[in-house]
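J.: The residues making up each chain are set out below.
Number of protein chains: 2
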Amino acid sequence: MKNVKLIIEYDGTNFSGWQMQPNARTVQEEIEKGLKKIIKKEVKINGSGRTDAGVHALGQVANFKETFSIPIQKIPLALNAMIPEDISIKEAIEVPENFHARYHAKGKRYIYKIYNGQLRSALLKNHAYFTSYTLNVEKMKKATAYFIGEHDFKAFMASRTSIKNTVRTIQDIRLYEQEELLILDIKGNGFLYNMVRIMTGTLVDIGRGRIDEKDLPNIIKSCSRESAGHTAPPQGLYLAEVYY
Amino acid sequence: MKNVKLIIEYDGTNFSGWQMQPNARTVQEEIEKGLKKIIKKEVKINGSGRTDAGVHALGQVANFKETFSIPIQKIPLALNAMIPEDISIKEAIEVPENFHARYHAKGKRYIYKIYNGQLRSALLKNHAYFTSYTLNVEKMKKATAYFIGEHDFKAFMASRTSIKNTVRTIQDIRLYEQEELLILDIKGNGFLYNMVRIMTGTLVDIGRGRIDEKDLPNIIKSCSRESAGHTAPPQGLYLAEVYY
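Chains as they are written, first to last, in UniProt numbering: chain A, 1 to 244; chain B, 1 to 244.
Please keep in mind that the hints were generated in silico from the structure rather than gathered at the bench.
Don't take every hint at face value.
Put simply, identical chains are the same to the list, so a pair is met inside one copy or across any two.
[Stated by the list, open to error] Pairs of lysine-lysine residues, derived as DSS-like cross-links and limited to a Cα-Cα distance of at most 25 Å, are as follows: (1) K125 x K36; (2) K113 x K33; (3) K187 x K65; (4) K125 x K33; (5) K141 x K90; (6) K113 x K125; (7) K37 x K221; (8) K106 x K41; (9) K125 x K106; (10) K125 x K74; (11) K44 x K221; (12) K44 x K187; (13) K141 x K2; (14) K65 x K142; (15) K2 x K37; (16) K125 x K37; (17) K142 x K44; (18) K187 x K141; (19) K214 x K164; (20) K221 x K33; (21) K40 x K139; (22) K90 x K113; (23) K2 x K221; (24) K106 x K164.
A quick note: this is a predicted structure, and the numbers were derived from the prediction, not measured.
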């Protein structure tokens, strides 16, 4: 029995997210169907975590345990031939027997892309968040510093979620301009449901002057979803890396 | 009666190209339907030229002549609200009465994006040409120089096309790497049908060693489609600018 770690890229546009669910096209299901074709067995894969409908991944991680004859290094090409083109298996490596993509994840890196122009971009429609508000990028950059470190991020969690421990550590956060895009690059030991999208929405609200960047520490302390900004839409979000 | 020049971005993925045709979704038709809604008249727009199914545009140009009351500078936002999100009108300006987007075009600039990796990219599936062959980029760069200037480009025209004058001038051509992409940026006074895609395919064939870059002048001189390389697929091609 081998334990295999997969690194997976996908375009979330036409998926109802990562996780298997009835009557919905999901990334997990497509990969499991593909694995069945190449190793002739029903395989269940463990993802590092869910992604929502429309959210993309550059480096989602999943693992599965099974006995099979195909050499591991041939899995990416063989599996890609069996799954839709909006998924690409970028790497497959053997890992120790006890490795679990979700339980052993030590951190994640996300990227969020904002297209800030006067008129929408047709080409970025499914791959960035378009906003035509004039954004004060310097204020947004300053504000990112308040997120660094260990905080209770309850104010940045979708309100319908129930979870006990809402303390997370943001290890690194960068906001930079790249051609016509504004890119948020954020690394942490874990993220609450919708956390990156609410952090991004709050930064956009700061950029357009609806929230004062100096209020951000109080918003964090409030632990109240209502005090934070809006939830930025899914299509700008990319799960970039999972750390172990 | 005003003559209006539109600058148009579109994602060609879900279009059967630019030009109106029966039973097909085309960019021209969507824009004409949108114009009818905002100016309450049947309007025919003249594009600078066709683009094929799957080909994108950053700066397609079209014009139309009509009498209407909406201020011209409000057309992009008003029209974008009426047309699908995979098209975006980026600019609308009034031009002299005799301006015609096709007849008066003095040149065009195209961009072609190649994704050269060992495994395909899910996110670039509809927006770049994936090839896993090892490419000698230096040879490809050297080869581009042979295209510069005035040549009979008949060898780089889809063979089913009939056209008398196949002489065109390439004014500028650059091949460069940008992150994981190899980008061809090419400017000329005009392009034959499939010309950029055949030039790109020939450069890829040079990069992978199927064609010797020193043979390129002879391939051009041959005026024979068979001697040039393959036709690169539509999804890597972007009409970037039209010059007047």
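J.: Would you mind marking each hint as holding or not holding in the structure?
T.: Each hint tested on the structure:
{"no.": "1", "hint": "K125 x K36", "in the structure": "between (34 Å within a copy, 24 Å between copies)"}
{"no.": "2", "hint": "K113 x K33", "in the structure": "neither (31 Å within a copy, 31 Å between copies)"}
{"no.": "3", "hint": "K187 x K65", "in the structure": "neither (28 Å within a copy, 53 Å between copies)"}
{"no.": "4", "hint": "K125 x K33", "in the structure": "between (29 Å within a copy, 21 Å between copies)"}
{"no.": "5", "hint": "K141 x K90", "in the structure": "neither (32 Å within a copy, 28 Å between copies)"}
{"no.": "6", "hint": "K113 x K125", "in the structure": "both (11 Å within a copy, 19 Å between copies)"}
{"no.": "7", "hint": "K37 x K221", "in the structure": "neither (51 Å within a copy, 50 Å between copies)"}
{"no.": "8", "hint": "K106 x K41", "in the structure": "neither (30 Å within a copy, 61 Å between copies)"}
{"no.": "9", "hint": "K125 x K106", "in the structure": "neither (32 Å within a copy, 31 Å between copies)"}
{"no.": "10", "hint": "K125 x K74", "in the structure": "between (34 Å within a copy, 21 Å between copies)"}
{"no.": "11", "hint": "K44 x K221", "in the structure": "neither (40 Å within a copy, 58 Å between copies)"}
{"no.": "12", "hint": "K44 x K187", "in the structure": "neither (28 Å within a copy, 51 Å between copies)"}
{"no.": "13", "hint": "K141 x K2", "in the structure": "neither (45 Å within a copy, 45 Å between copies)"}
{"no.": "14", "hint": "K65 x K142", "in the structure": "neither (45 Å within a copy, 49 Å between copies)"}
{"no.": "15", "hint": "K2 x K37", "in the structure": "within (17 Å within a copy, 61 Å between copies)"}
{"no.": "16", "hint": "K125 x K37", "in the structure": "between (34 Å within a copy, 23 Å between copies)"}
{"no.": "17", "hint": "K142 x K44", "in the structure": "neither (44 Å within a copy, 50 Å between copies)"}
{"no.": "18", "hint": "K187 x K141", "in the structure": "within (16 Å within a copy, 38 Å between copies)"}
{"no.": "19", "hint": "K214 x K164", "in the structure": "neither (28 Å within a copy, 68 Å between copies)"}
{"no.": "20", "hint": "K221 x K33", "in the structure": "neither (45 Å within a copy, 51 Å between copies)"}
{"no.": "21", "hint": "K40 x K139", "in the structure": "neither (55 Å within a copy, 44 Å between copies)"}
{"no.": "22", "hint": "K90 x K113", "in the structure": "both (22 Å within a copy, 20 Å between copies)"}
{"no.": "23", "hint": "K2 x K221", "in the structure": "neither (46 Å within a copy, 58 Å between copies)"}
{"no.": "24", "hint": "K106 x K164", "in the structure": "within (19 Å within a copy, 65 Å between copies)"}
Hint check: violations occur at hints 2, 3, 5, 7, 8, 9, 11, 12, 13, 14, 17, 19, 20, 21, 23; the rest are consistent with the structure.
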